[in-house]
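Peer 1: One-letter residues, chain by chain:
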Amino acid sequence: MIVGKVVGSVVATRKNEGLLGSKFMIVEPLENMEKRGRIVAVDNVGAGIGEIVLVALGSAARIGCALDTAPVDAAIVGIVDDSIGLTEDK
Amino acid sequence: MIVGKVVGSVVATRKNEGLLGSKFMIVEPLENMEKRGRIVAVDNVGAGIGEIVLVALGSAARIGCALDTAPVDAAIVGIVDDSIGLTEDK
Amino acid sequence: MIVGKVVGSVVATRKNEGLLGSKFMIVEPLENMEKRGRIVAVDNVGAGIGEIVLVALGSAARIGCALDTAPVDAAIVGIVDDSIGLTEDK
Amino acid sequence: MIVGKVVGSVVATRKNEGLLGSKFMIVEPLENMEKRGRIVAVDNVGAGIGEIVLVALGSAARIGCALDTAPVDAAIVGIVDDSIGLTEDK
Amino acid sequence: MIVGKVVGSVVATRKNEGLLGSKFMIVEPLENMEKRGRIVAVDNVGAGIGEIVLVALGSAARIGCALDTAPVDAAIVGIVDDSIGLTEDK
Numbered sequence: 019m020i021v022g023k024v025v026g027s028v029v030a031t032r033k034n035e036g037l038l039g040s041k042f043m044i045v046e047p048l049e050n051m052e053k054r055g056r057i058v059a060v061d062n063v064g065a066g067i068g069e070i071v072l073v074a075l076g077s078a079a080r081i082g083c084a085l086d087t088a089p090v091d092a093a094i095v096g097i098v099d100d101s102i103g104l105t106e107d108k
Numbered sequence: 019m020i021v022g023k024v025v026g027s028v029v030a031t032r033k034n035e036g037l038l039g040s041k042f043m044i045v046e047p048l049e050n051m052e053k054r055g056r057i058v059a060v061d062n063v064g065a066g067i068g069e070i071v072l073v074a075l076g077s078a079a080r081i082g083c084a085l086d087t088a089p090v091d092a093a094i095v096g097i098v099d100d101s102i103g104l105t106e107d108k
Numbered sequence: 019m020i021v022g023k024v025v026g027s028v029v030a031t032r033k034n035e036g037l038l039g040s041k042f043m044i045v046e047p048l049e050n051m052e053k054r055g056r057i058v059a060v061d062n063v064g065a066g067i068g069e070i071v072l073v074a075l076g077s078a079a080r081i082g083c084a085l086d087t088a089p090v091d092a093a094i095v096g097i098v099d100d101s102i103g104l105t106e107d108k
Numbered sequence: 019m020i021v022g023k024v025v026g027s028v029v030a031t032r033k034n035e036g037l038l039g040s041k042f043m044i045v046e047p048l049e050n051m052e053k054r055g056r057i058v059a060v061d062n063v064g065a066g067i068g069e070i071v072l073v074a075l076g077s078a079a080r081i082g083c084a085l086d087t088a089p090v091d092a093a094i095v096g097i098v099d100d101s102i103g104l105t106e107d108k
Numbered sequence: 019m020i021v022g023k024v025v026g027s028v029v030a031t032r033k034n035e036g037l038l039g040s041k042f043m044i045v046e047p048l049e050n051m052e053k054r055g056r057i058v059a060v061d062n063v064g065a066g067i068g069e070i071v072l073v074a075l076g077s078a079a080r081i082g083c084a085l086d087t088a089p090v091d092a093a094i095v096g097i098v099d100d101s102i103g104l105t106e107d108k
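Residue numbers (the working numbering), protein chains in the order written: chain A, 19 to 108; chain B, 19 to 108; chain C, 19 to 108; chain D, 19 to 108; chain E, 19 to 108.
By construction, these hints were calculated from the structure, which means they are not laboratory data.
Treat each hint with caution, since some may be false.
Unchecked claim - The calculated SDA-like cross-link candidates involving lysine to any residue, where the alpha carbons are at most 20 Å apart (straight line), are:
no.: 1; chain 1: B; residue 1: LYS41; chain 2: C; residue 2: ILE70
no.: 2; chain 1: C; residue 1: LYS41; chain 2: E; residue 2: GLY103
no.: 3; chain 1: A; residue 1: LYS23; chain 2: B; residue 2: GLU52
no.: 4; chain 1: D; residue 1: LYS23; chain 2: A; residue 2: GLY103
no.: 5; chain 1: C; residue 1: LYS41; chain 2: C; residue 2: LEU85
no.: 6; chain 1: C; residue 1: LYS23; chain 2: E; residue 2: GLY103
no.: 7; chain 1: D; residue 1: LYS41; chain 2: E; residue 2: GLU49
no.: 8; chain 1: E; residue 1: LYS23; chain 2: E; residue 2: GLU49
no.: 9; chain 1: E; residue 1: LYS23; chain 2: E; residue 2: ASP86
no.: 10; chain 1: A; residue 1: LYS41; chain 2: B; residue 2: ILE97
no.: 11; chain 1: B; residue 1: LYS23; chain 2: C; residue 2: GLU52
no.: 12; chain 1: A; residue 1: LYS23; chain 2: D; residue 2: THR31
no.: 13; chain 1: D; residue 1: LYS23; chain 2: A; residue 2: GLU52
no.: 14; chain 1: A; residue 1: LYS23; chain 2: A; residue 2: ILE97
no.: 15; chain 1: D; residue 1: LYS23; chain 2: D; residue 2: GLY55
no.: 16; chain 1: B; residue 1: LYS23; chain 2: A; residue 2: GLY103
no.: 17; chain 1: E; residue 1: LYS41; chain 2: D; residue 2: ILE102
no.: 18; chain 1: C; residue 1: LYS23; chain 2: C; residue 2: ASP86
no.: 19; chain 1: C; residue 1: LYS23; chain 2: E; residue 2: VAL63
no.: 20; chain 1: D; residue 1: LYS41; chain 2: A; residue 2: SER27
no.: 21; chain 1: B; residue 1: LYS23; chain 2: A; residue 2: GLY26
no.: 22; chain 1: B; residue 1: LYS23; chain 2: C; residue 2: GLY103
no.: 23; chain 1: D; residue 1: LYS23; chain 2: D; residue 2: ASN50
no.: 24; chain 1: C; residue 1: LYS41; chain 2: E; residue 2: ILE97
no.: 25; chain 1: E; residue 1: LYS41; chain 2: D; residue 2: ASP99
no.: 26; chain 1: A; residue 1: LYS23; chain 2: D; residue 2: LYS23
no.: 27; chain 1: D; residue 1: LYS23; chain 2: D; residue 2: ASP86
no.: 28; chain 1: E; residue 1: LYS23; chain 2: E; residue 2: GLY55
Use the sequences and the hints to build the structure in full.
Peer 2: Below, the structure is given as structure tokens:
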């Protein structure tokens with residue numbers, strides 16, 4: 019998983035039917051994370067813009083969020099309240 | 019998922035039979051997205067050149083678009099009509 | 019999927035038995051594609067050196083080419099005859 | 019898999035229920051590894067901060083750690099005690 | 019798949035039980051390959067340090083090497099004896 023900040027959202031009226039009812043949030047990974055650019059993730063926990071969240075990528079997003087047959091490859095699966103070593107240098 | 023612009027299409031007469039009937043679009047991810055170069059995605063929503071689309075990657079493209087046994091690893095699954103924070107800086 | 023050029027091939031006599039009978043081609047992605055370096059892909063369509071091909075990555079290569087239990091993560095699944103916007107700038 | 023150093027941890031009170039009971043560690047891949055930035059991995063072996071660990075990525079993390087239906091895409095699956103050629107040049 | 023050179027190995031006494039009996043080799047991808055840094059791969063063919071090998075990544079490593087429930091995301095699946103165009107320029 020990676021940790022990122024919710025910076026926006028996307029609306030798509032015409033979409034795959036497996037995506038109906040999903041909210042698409044734009045997540046910017048924190049600076050030292052393995053992923054460097056923005057990801058569109060389905061919101062699984064009620065995250066809002068500005069929150070720091072945990073994002074699962076790949077089949078984990080689909081299967082771990084009961085979206086088994088939806089074309090989803092990223093999901094917000096937690097809201098980060100606390101951390102050690104998240105942004106500091108090694 | 020990532021958001022990108024449809025910039026072209028690819029024709030392959032000789033191909034895996036699971037791909038028969040699929041339309042292959044070339045998608046250029048928006049500049050601040052996690053993916054930086056062009057992706058060939060199967061069109062699942064009737065997208066045209068120039069449109070801004072939502073692309074699902076990996077097994078999500080295959081399973082989420084009822085192409086379970088096709089060699090597909092990317093699919094256009096939505097057409098973006100509106101967004102907050104898609105292109106702006108943090 | 020990505021589009022690339024077949025630039026060579028690899029021979030491995032000692033290999034996992036699921037790979038027996040497969041031809042391993044070296045594919046160089048076109049310059050503006052999402053993948054930047056060479057990939058070894060199983061040939062599913064009879065591609066030759068110098069041809070421009072469509073390559074599927076990840077589980078799609080395995081499952082989409084009836085190689086479900088083989089350790090294959092990339093496959094040539096089409097030969098590109100024509101395209102719009104494949105190499106041009108946005 | 020990649021080898022990295024555990025540099026911290028993340029706490030998320032509001033999270034997907036498949037993640038209840040999991041410990042989220044922040045792993046910094048060693049310098050010459052294929053992954054360059056930090057990854058949040060579920061701890062499967064009781065790793066502590068400062069330890070050098072083996073991390074499995076993708077569906078392997080989920081399925082290999084009996085977390086089949088959890089949104090987990092990275093797991094610490096071993097603690098490295100010894101190695102040859104881990105940090106040296108080629 | 020990618021082609022790389024076996025440059026070392028890793029020992030982990032405390033590990034996920036699905037990894038018992040597996041040998042973890044460190045593979046350095048050849049210079050023009052899609053993956054740029056070192057990968058820890060389970061050895062499926064008896065590869066030794068210094069050998070040039072074929073590495074399968076992702077679920078292919080697990081499922082293609084009969085390690086379906088092990089947290090394995092990379093495996094050495096062939097030893098390269100010969101090649102055309104592996105290291106040359108386009």
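Peer 1: List, from low to high, the hint numbers that the structure doesn't satisfy.
Peer 2: 7, 9, 16, 18, 19, 20, 26 and 27
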